[in-house]
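As you go down the protein sequences, you meet chains A and B in turn.
In my numbering, each residue carries its 1-based index in the first sequence increased by 15.
In my numbering, each residue carries its 1-based index in the second sequence increased by 15.
Heads up, some of the hints might be wrong.
In this list, chains with the same sequence are indistinguishable; a pair is considered to hold if it fits within one copy or across any two.
Unchecked claim - As a list, the in silico SDA-like pairs of lysine to any residue whose alpha-carbon atoms are at most 20 Å apart:
id	residue 1	residue 2
1	LYS397	SER308
2	LYS97	PHE292
3	LYS312	LYS397
4	LYS104	SER378
5	LYS293	GLY277
6	LYS397	ARG74
7	LYS397	LEU80
8	LYS81	ARG199
9	LYS81	GLU44
10	LYS366	VAL225
11	LYS267	PRO188
12	LYS254	GLY265
13	LYS267	ASP291
14	LYS293	THR273
15	LYS346	ARG239
16	LYS267	MET285
17	LYS397	LEU82
Hints listed in this document are in silico derivations from the structure and should not be mistaken for laboratory results.
Protein chains: 2
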Amino acid sequence: MNKNTENMIVAHGGGPTAVINSSLHGVVEEARKCQIKGIYGAINGIEGVLNNNFYDLNRLTSQELKLLSRTPASAIGSCRRKIGNDDVKIILNNLIENNVRYFFYNGGNDSMDTCSKIAAQAEMINYDLRVVGIPKTIDNDLYNTDHCPGYGSAARYIAVSTGELLCDVRSLPIHISILEVMGRNAGWLAAAASLANNSGNMLIYLPEIVFNKEKFLEDVKCARRRTDGLVIVVSEGIKDSKGKLIGDTGIKDGFGHTVPGGAADVLARMISSNFDFKVRTEKPGLLGRASISLQSKIDAREAYDVGVQAVRYAINGGTGKMISIVRECNKPYSYSLKTVPLDSVAEREKKFPLEWINENGTSVSNEFTEYCTPLIGDDLPKYLVL
Amino acid sequence: MNKNTENMIVAHGGGPTAVINSSLHGVVEEARKCQIKGIYGAINGIEGVLNNNFYDLNRLTSQELKLLSRTPASAIGSCRRKIGNDDVKIILNNLIENNVRYFFYNGGNDSMDTCSKIAAQAEMINYDLRVVGIPKTIDNDLYNTDHCPGYGSAARYIAVSTGELLCDVRSLPIHISILEVMGRNAGWLAAAASLANNSGNMLIYLPEIVFNKEKFLEDVKCARRRTDGLVIVVSEGIKDSKGKLIGDTGIKDGFGHTVPGGAADVLARMISSNFDFKVRTEKPGLLGRASISLQSKIDAREAYDVGVQAVRYAINGGTGKMISIVRECNKPYSYSLKTVPLDSVAEREKKFPLEWINENGTSVSNEFTEYCTPLIGDDLPKYLVL
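Isolated chain A (complex conformation) (with noise of 0.2 Å):
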C-alpha cells in the first residue's frame, strides 16, 4: 500500500451473498471516479486488516469489474470474527500506518458491531476515519432498512425453487418434499417459499413460531388429503418451546452463534415413523445464496447502489453510519437512499412479522407478497399446470 496517499479499504463480513460483489462493484467504480488514490479490498473481511493483507483494487480493469457483479459469493473473501478491545487497536494502528482514511464494512448486524467499535475507536484517537457500514445479508434481518442487499436474490432463488418442487412433487403419486431454507433466527427467506408461482399445496414453518410436534404432524394430515403432493418449507432455525433448534449441526460459529441445519431431516423422521407417506428432504444450503442465474435483477442494482451511496458520503465528510433503503412506492417499485446509525443496526436482529404468519402458522399474508414481491426482480416464470 502507498502511504503517500489517502487511501481507502473495502472489507466483507458474514456469509455472502449473490450479489456482494455487486456492492463491491459499486464502491470500486464510485472511489475511482471521486479519485480516492489507493483503493483496496481487505482479504477475507477484517481479518485482512488485522493482518495487513489486502487486494488492489485498482488493478480491476473495467471489463473484469463488470464480471465481479456475475461472479458469486466474496470475490475479496469473508470471515466471520467477533473483535475484541484489542483487535480495535490493532485495527486502528494497521489502518493509521497505511494512511487509511475510509473504511467501508459490507455485512450484516455482526459486521455493523465491528464497523461502530472501529468507528468509535476512530473518533477516540481523534483519526480522521471515514468508517461506513453497507448492508447485506440474506436472512434480511438488519433493523433500519426496509430491506438487505442479497435477500433479494435469495428469496428469488427460494421462490423458484419451491415452483419446481411443487411441479416435482405432484408428478409422483405419494410424495412429499421438506425443503430446508437458511436463517438462523428470522424467516424471511423461507417465507419467500409462498411467492412461487403455482397453486400447489403448501406447508411453511418459520423460526418466529415455536416449533410444535404434535401440531405439525396434524398439519401433514391435513394437508396430505390433497392429492397433488406437499411441499414443506422449513426455516432451519425453527426452535421448540424451550428455545433449542429443531435441527443443530453442534457447531459453533466465529461469534458462537449455535449453527443450525438438519430441521428438514428430522421433520421427515417425524412424518416416517408416524404415517405411510413417503417423504423426502432437500436442503441447497449455500447454493441459495451462491446462485448467480436466479440473481435478482433488481436487488444487484440496489446492491451496486449502497455501494456507491457508502463512497459519496464518506466522500462528503460522513462517518459512523451504515447506508439503509428505503421504499419509496410498491407498484411501479422505487427506493430512495438514506444513512442510519450504526449502533441502530448492530448485534440486533429484525424478525418476521407475526401479524404476516396466518393464524395456523403454516403461510404468510398478502402483506407480505407485496413487500417481498418488487425485491425478486422480473416476474417468476410461469408453467403449464394441467
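Given chain A, put chain B in place with the hints provided.
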C-alpha cells in the same frame, strides 16, 4: 376417449427431468403433423393406463405447448410401479378397448422393461400396437444410447452449482462443503461437478468405487493443506466394501430399489469427529432435476427430437424399440437418432467407466470432460477469481 378413431397414448415413468416435457412437446407436435386423431397422455404413467385415466393433449394450444417445454417435472405425472403379468393383461385390455394403436413410454431402464412387456403381450395376442420407448434419465445409465435426455440439464445444474459452491467456500476461511448428488448406482451426474468453471479444490466420490472411510479421511487431510476451501462431491449411491449404502434412507421405491440419501451428512460426521475442520452439507436433491433456469439447450433439443422420432418410427410401422442417440461429432457437436431393441436397455445399468476415474478415485479424466461438455449446452458462466 373416442373409440372410433385410432388413438395414441404417451406416458412418463420414473423420476422426471428438466426436459421430459420437451419430449412430450415433440411427441404431441409430431402426432398432430402425422394426423393421429386421438392424442392422450396417461396420467401418472402406467397407472393412468391401468386406471383408464387420460388427459386429452389435443386440448393444448400451441402457446401452451411452448410453455410445456419450460415447465419443470412431468406435466402429465409419472409413477414408479413394477408391473406384473396381470397388469400387462389389464393394460392391453384397456388399450384395445380404447382403440389405442400407438403407445409411447418415456422413461429409464425400469420403464423400458414395462414397455418391452407391453410390446411382447401385444404381439402375442396379435394386436397391432406400435410400442416405442423414449429414453430419459438424469442418471445417464441407459445402455445402447450415447447419453440420455435429462442428463445434460442435470449435469449442467451440478456443474454450475459446484462452480458457485467453490466460490462460496473460498470466501470464508476453513470451510468444507459436501455436495450430495443424485445417482443410485451410476456416477455420471456426480462426475459432472468436474466441469465446474473454476480452478477450485475438489474431491469427487462415485458409486463405482468402493467407499473406504480411512482413505477418505486421508484424502480430506491432504486436500485441506490447500487454503482455498474444499468442495467434496459425493454421489448419494456410494457404498462400502460390503455393498451397503453409506447414506440409506431406509425407504424402498416401487421397484424394490433401496432409496439412497444422507451420504453427505455421514461423511460430514466422519470429518468433524476426526478433524477440527468446519464442514457443512448441501443436498439440492430434486431441485437438480427440476431446474428450468439451468436447462441445457442441447438437452432440450434432443429431448424434443427423440419424441418426434418415436412418433415417426411408429407411424412408419416400427415397434418394440427405443429411440437412441448417436454422437456423430464432438466438435462441433452433432448427433443422429437410431432405434435399439427395448430388451437391450431394460433393467440394465450403464455404469460410469472405471477407466475415466483417476487412480486415487477422487477425480475424473479428460475423456469424460470431452464426453460431457457438449451435453450441458452453452458455455458455463465465467467468474472473476482474484
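Status of each hint after checking the structure:
no.: 1; hint: LYS397 - SER308; in the structure: both (17 Å within a copy, 12 Å between copies)
no.: 2; hint: LYS97 - PHE292; in the structure: between (45 Å within a copy, 19 Å between copies)
no.: 3; hint: LYS312 - LYS397; in the structure: both (18 Å within a copy, 18 Å between copies)
no.: 4; hint: LYS104 - SER378; in the structure: neither (48 Å within a copy, 46 Å between copies)
no.: 5; hint: LYS293 - GLY277; in the structure: both (18 Å within a copy, 16 Å between copies)
no.: 6; hint: LYS397 - ARG74; in the structure: between (42 Å within a copy, 19 Å between copies)
no.: 7; hint: LYS397 - LEU80; in the structure: between (33 Å within a copy, 13 Å between copies)
no.: 8; hint: LYS81 - ARG199; in the structure: neither (32 Å within a copy, 40 Å between copies)
no.: 9; hint: LYS81 - GLU44; in the structure: within (10 Å within a copy, 42 Å between copies)
no.: 10; hint: LYS366 - VAL225; in the structure: within (13 Å within a copy, 47 Å between copies)
no.: 11; hint: LYS267 - PRO188; in the structure: between (40 Å within a copy, 15 Å between copies)
no.: 12; hint: LYS254 - GLY265; in the structure: within (14 Å within a copy, 26 Å between copies)
no.: 13; hint: LYS267 - ASP291; in the structure: between (36 Å within a copy, 12 Å between copies)
no.: 14; hint: LYS293 - THR273; in the structure: between (31 Å within a copy, 13 Å between copies)
no.: 15; hint: LYS346 - ARG239; in the structure: neither (37 Å within a copy, 50 Å between copies)
no.: 16; hint: LYS267 - MET285; in the structure: between (26 Å within a copy, 18 Å between copies)
no.: 17; hint: LYS397 - LEU82; in the structure: between (29 Å within a copy, 8 Å between copies)
The structure is inconsistent with the numbered hints 4, 8, 15, although it conforms to all the rest.
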